[in-house]
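Single-letter residue listing:
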Amino acid sequence: MKSPEERSFDKVAQKVLKKAEQDKVETVWDRREAMRSCSFGEAGTCCRICTMGPCRINPKDPEGGKGICGATAEVIAMRNLARMVAAGTAAHSDHGRDIAKALRLISLGQLPGYGILDQWKLTELALELEIELNNKPTEKIAEEVSSWALSEFGNQEGELTFLKRAPKPRQEIWHKLGIAPRGIDREVVETLHRTTMGVDQDFESIWLQALRTSLADGWGGSMIATELSDVILRTPQPLRSQVNLGVLEEKLVNILIHGHEPLLSDAIARVAREEEIVKYAREKGASGVNVAGICCTGNEVLMRQGVPIAGNHLHQELAIITGAVEAMVVDVQCVMMSLAEVAKCYHTLIITTSPKAKIPGATHIEFDEHRVMEVAREIVKKAIDNFPNRDTKKVNIPEGKMDLVAGFSHETIKYMLGGFYRASYRPLNDAIIWGRIKGVVGIVGCNNCRIPQDKSIVSMTEELIANDILVVHTGCSAIASAKAGLLIPEAAEKAGKGLREICEAVGIPPVLHMGSCVDNSRILVAGCEMVREGGIGKDISELPIAGVAAEWMSEKAEAIGHYFVASGVNVFLGIPHPISGSPKASKLVYEEAEKMLGAKFYYEEDSAILTSKIIDLINNKREFLQITKKPERVLYDMAMRRELPTE
Amino acid sequence: MSKFILGEAIKGAHKIVKKAEERLNQAIAEKGENCPVSFPDTAYFIPIIYSILGHKVEKLGDFKPVLEKSKSLLPQEPTEKLWLPYLGPGLDAGMATLFAEEIIEATKYLIGPIPVDGIWLGAPNDVILRERGVEFTDGRAPGFAVVVGAAPNNEIAVKIAQELQSASLYTFFCGHTNGVSVAEQLAEEGIDLGWETRLVPFGKDIYSAIYAIGFAVRAAMAFGGIPAGDFRRILMYVKNRIFAFLLALGHIDEEKYATAAGAISFGAPTLTDTDIPEILPTGICLYEHVVSNVPYEEMVDKALEVRGLKIEVTKIELPVAYGPAFEGERVRKENLYLEAGGAKSTSFELLTMAPSEEVEDDKIEVIGPEIESFPEGSKIPLAIVAKVAGAKMKREFEPVLERQIHRFINEAQGVMHIGQRDINWIRISKEAQKKGLKLRHLGDIIRGKLLADYGRIVDKVQVTIYTEEGKVKELLEGARKIFHERDERLQALSDESVDIYYSCTLCQSFAPTHVCVITPERIGLCGAYTWLDGGAAYEIDPTGGNQPIEKGALIDAEKGIWEGVNEFIKKKSGGKIENVSLYSMIHDPMTCCGCFECILAILPMTNGIMVVQRGYQGMTPTGMTFSTLAGMVGGGQQTPGFMGVGKTYLASKKFISYDGGLLRLVWMPKELKEELRPMLQKRAEELGVPDLVDKIADETVTTTEEEVLAFMEKVGHPSLTMAALL
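Chains A and B supply the protein sequences, listed in that same order. Note that the numbering used here has the first sequence beginning at 10, numbered continuously upward. Note that the numbering used here has the second sequence beginning at 52, numbered continuously upward.
These aren't lab readings, by the way, just hints derived from the structure by calculation. Incorrect hints may have been included.
Claimed, not checked - Below, simulated DSS-like cross-link-like pairs (lysine-lysine); rule was C-alpha separation at most 27 angstroms, straight line:
#, chain 1, residue 1, chain 2, residue 2
1, A, Lys593, A, Lys609
2, B, Lys532, B, Lys353
3, A, Lys27, A, Lys11
4, A, Lys639, A, Lys622
5, B, Lys384, A, Lys639
6, A, Lys130, A, Lys177
7, B, Lys122, A, Lys130
8, B, Lys69, B, Lys82
9, B, Lys414, B, Lys438
10, B, Lys107, B, Lys70
11, B, Lys481, B, Lys384
12, B, Lys445, B, Lys532
13, B, Lys522, B, Lys532
14, B, Lys132, A, Lys506
15, A, Lys20, B, Lys132
16, A, Lys596, A, Lys185
17, B, Lys110, B, Lys82
18, B, Lys353, B, Lys414
19, B, Lys69, B, Lys210
20, A, Lys288, A, Lys391
21, B, Lys361, B, Lys384
22, A, Lys506, B, Lys500
23, B, Lys486, B, Lys384
24, B, Lys69, A, Lys638
25, B, Lys132, A, Lys503
26, B, Lys120, A, Lys145
27, B, Lys623, B, Lys532
28, A, Lys593, A, Lys622
29, A, Lys130, B, Lys210
30, A, Lys110, A, Lys365
31, B, Lys532, B, Lys627
32, B, Lys361, A, Lys639
33, B, Lys353, A, Lys638
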């Protein structure tokens, strides 16, 4: 058995892993170590899409092998990969759909407890969608925006509206390759169709459809989720909070919210502060209610309400093992089935809330949109009722929590660089041109128990900032860096001289938390804005930026990685695509993609090598942009000034 | 690091907004909410508030929402640890500061202390804006410096001010250090302060910095045509057109930090002699935002570098400073070393062309005694005779170049030049003489500037300066003959006698659809460009703002419409203007930029028109002042019934000839009437109404249309019996 130190880079997690051992609780790491993974599955050459097989092709002899129907290794591997992308897209987009539906209910007055908290964003969105505003009440505008959003899912023709946000050259690439998505659901369905028995059997053609599907996520489902969550719950602004299991409180009723959707968890966080609820908790012997997050539900309520984060993906079991959690309320995605088993060893209630996601052994209290606040109160009360069941002998909340600053939406970044009146990305682009910042890297995605938790994410982040590369985060990666203390402004001390200078000028940490995993769409918008601001490339693929999924595990990460690459962002993986059984498929995604898209995937097992490749890439981009040297200071005479824009 | 600076700025902003609230409450308590409030003589309300927020403040109560806005922009100070981003909020605090400072300054005009006090000038009015603001957009003034505080001694204050002048910048003074301000230091040293010398003391409070920024935003609205409230474009216009920076001398307190933070949004960085942190990354300003510990000897150069400003200064070896900032400087009697002309002695200046072999370049000769031979207070005979040669030089450019002598000489510190030809008047100050200025330097200046500004047509310049009475008188006769011949030639020029007119699109940077058409009988509306100037300018810069217009086929001789002119205008106005009548102010009149010397306007009741010149501050019979009219007709629009024109066009045969010509003129300010009387009289006689000029009403008669009509009936103005104007 691996030691806690080999399992997790996080010292707090290590402590709880020791407790797990004492408490004889099985964790994800134990199961991982016990698992003999299927090598055909890992190579991507196992095919189960019809019952003539299943078939498998020996990864060591990929050219020789064929499936029963004649399918080659590359087709089998690519079909599997495309199906992962489709599933990931479906996950993000179904989340987006629920937010769009919520906005619709709000506009009809049928979602009590919710409203439009960000009128400005709604207006901006309506203007972008060319919705007439004249004197329309907010609800009417919201209704029209939600109708538009819902129609994006079912669109059959044309292309998704948000694709227009991308720089023109990028849109042209999509058109040339025929990968501009039409409707979100349509692309998912078509991918499933094309990858079923006997349909698309050209691996390149399948991959193009996978890319189209992923774009329907990044510029469709996820972007809708982000934009409309901002409208309903407010666009994030910088705020302080804390992270890691130390945020659990011994004297309080601890409720963890885990999963991905923000609506119910937002209500739970609000309800927990109600006077009546606090009183109720006191009656049960607690001094109040403490709500903390896990994974992206946590990120959603952190970004908007400053609710503390107990941990990332691999913390979900550990949180329960502290013995101090009265209830873990889960919705959808990344919720391990094992939670109910772990909870059996303690008093913790696992409460499932989504009609889409039930777990044996859990209590199901369904999210009913017509009575969200009541449901939230019911859940919180149930947790409070569970407080007296806490076994103090089993309680051991580890010391260890870290401060953080989060809330860096695309809008916030613009604002913080110029104030309300001069908001723009100009100072960022300038910093890149002048070489204070060499580039921007988005480190996103999950934890994966195949490698030590957080280790790659944190070490890469530290190395990149030391090399004057600004790091932006979403999802579990953000939580990893937060736990390591990189999300506090004082962490600028760990940055290179140039990045540090920018951090100190603006007052930001060198690592910016941009939200949950659907909020990777914010990174796309930021990329577009950098192109629009000018001076560092005419397409996203020319920007000195990169994407990283150092510890990814979910199909959603495949979707994200693909839409990054399809959008022109090179993506560096710390865990490989499961396609190694096909050299042709591998060559396509790791090499040839660059010619098609101006970006491709990279994989390296060693995160230090991966980091140096990222730095090389950024330097190459800088060379291409001819910004490797400090620019000459241009002095302007009147004729030159007349050429300067005043728009 | 910037945390300290922005922290101080945020503290200062809180203080200033609080002070604005107190001042506003006091003003409302004393005068009431409905009390009108404004800066003197401006159509731009309280300008920063108006331009950024789009909010018109007309009475005290209108300040209330502004105050609320300012408060809402005030952020918390950055915490010692775990701070949140402070740059954006700090800049917001800066904007809140500027709004609050406008409230403070505006209330001073109501409840005191009045900002105009001693050397302090307070708010600049729209006349100054039109005259000076346009210099920022056409390049005559590359930008402005706001000098805050005090230099450690007067010597340094003078040095910095004169370096700024030499760079042709306007310098605005505000704020003080321990009760002393640079403007006061300059005044103590006897330096001329005021708009003429580009050294403008606004006020001793730091709050008066808003006059500088307010001036810039008014230029953005007036010359950039940017609507109030379109704050992003206003800010970008100021950033990219009007290059400004702050020099903070001495201790910087919270209020100064807050004001400087406000200036940053306008792209104006701060440089200081004081030891404070710096903000070096770029992006809001063009380059650095705050640069500190700057040594005095490098301060102006460093400021130009930080602001990214290239100053084109002609380098002429002179013992005195040289630049446009000295153009308006007077040499007063008590300071006079010697003078020539001005009806006090025989004096003239003449520029002629000659074949290349007859001109010896850089030969500057003084024939007769030099300056040191004349005792102080002398009135000397003087002839300045310049000979130029150049492959592209033409005889008709002679008067164009000769007229430049006025500006060239005037821009030397301690030298004053008025008039031209044989009615010139030159004064040299005691200081200039003491510094070593000789009469030969006048020749150096003329040569240096001619080659610098007109190098494309002038290759060689030789100047001879005569200071002996006999010789000067002898040469004068020959010169007068040349002047007379020139006038004859000019008289012979008419719109019909030439095939080419000239365009002027110099103002398109702020009036993008404006195309001025300059003909022999219609001077450019700014009064600065005659048809000959247009030709010369085209030779100097064949791709510049003055292009030849082939007038092409005649469409309508009465209205003055030509095919070629229309085509040209359509092209140059980006298709916005299709038809222009050169001789009518009613039917497709010419567009106006914003630089017109005068505005014509129909007075419907009188069947006539009025004219009002820039600088006239009173009311006109249209019910509008010059400023209000200017706001209406500028910006590159055709405004039938209104038109901007150059003064001398009034006496042209082609003056709105389709609409009835000069006989339509029923009202004009007295000052303009007297200025133009000789030429108007001549034209009136040609028209057969020799007493016309006195039949034109002026403000001493009335400023209402009804009374103009009554006056016309009394004196029998010809317009009454002419065909209906409309």
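Evaluation of the provided hints:
1. A/Lys593 to A/Lys609: holds, 15 angstroms
2. B/Lys532 to B/Lys353: violated, 52 angstroms
3. A/Lys27 to A/Lys11: holds, 11 angstroms
4. A/Lys639 to A/Lys622: holds, 23 angstroms
5. B/Lys384 to A/Lys639: violated, 55 angstroms
6. A/Lys130 to A/Lys177: holds, 24 angstroms
7. B/Lys122 to A/Lys130: holds, 22 angstroms
8. B/Lys69 to B/Lys82: holds, 20 angstroms
9. B/Lys414 to B/Lys438: holds, 10 angstroms
10. B/Lys107 to B/Lys70: Judged against 27 angstroms, a Cα distance of about 21 angstroms means the pair holds.
11. B/Lys481 to B/Lys384: holds, 10 angstroms
12. B/Lys445 to B/Lys532: Holds: B/Lys445 and B/Lys532 sit about 19 angstroms apart, inside 27 angstroms.
13. B/Lys522 to B/Lys532: holds, 16 angstroms
14. B/Lys132 to A/Lys506: holds, 20 angstroms
15. A/Lys20 to B/Lys132: holds, 24 angstroms
16. A/Lys596 to A/Lys185: Cα-Cα ~21 angstroms, so holds.
17. B/Lys110 to B/Lys82: Holds, because 10 angstroms separates the two Cα atoms, which is no more than 27 angstroms.
18. B/Lys353 to B/Lys414: violated, 37 angstroms
19. B/Lys69 to B/Lys210: violated, 37 angstroms
20. A/Lys288 to A/Lys391: holds, 14 angstroms
21. B/Lys361 to B/Lys384: violated, 37 angstroms
22. A/Lys506 to B/Lys500: The given pair, whose Cα atoms are some 48 angstroms apart, is violated under the 27 angstroms limit.
23. B/Lys486 to B/Lys384: Holds: B/Lys486 and B/Lys384 sit about 18 angstroms apart, inside 27 angstroms.
24. B/Lys69 to A/Lys638: Violated, at roughly 47 angstroms.
25. B/Lys132 to A/Lys503: holds, 16 angstroms
26. B/Lys120 to A/Lys145: holds, 25 angstroms
27. B/Lys623 to B/Lys532: It is violated: about 41 angstroms lies between the C-alpha atoms, which goes past 27 angstroms.
28. A/Lys593 to A/Lys622: holds, 23 angstroms
29. A/Lys130 to B/Lys210: violated, 52 angstroms
30. A/Lys110 to A/Lys365: holds, 15 angstroms
31. B/Lys532 to B/Lys627: violated, 47 angstroms
32. B/Lys361 to A/Lys639: Holds, at about 20 angstroms.
33. B/Lys353 to A/Lys638: holds, 22 angstroms
In the structure shown, a violation is registered for the earlier hints numbered 2, 5, 18, 19, 21, 22, 24, 27, 29, 31, in ascending order.
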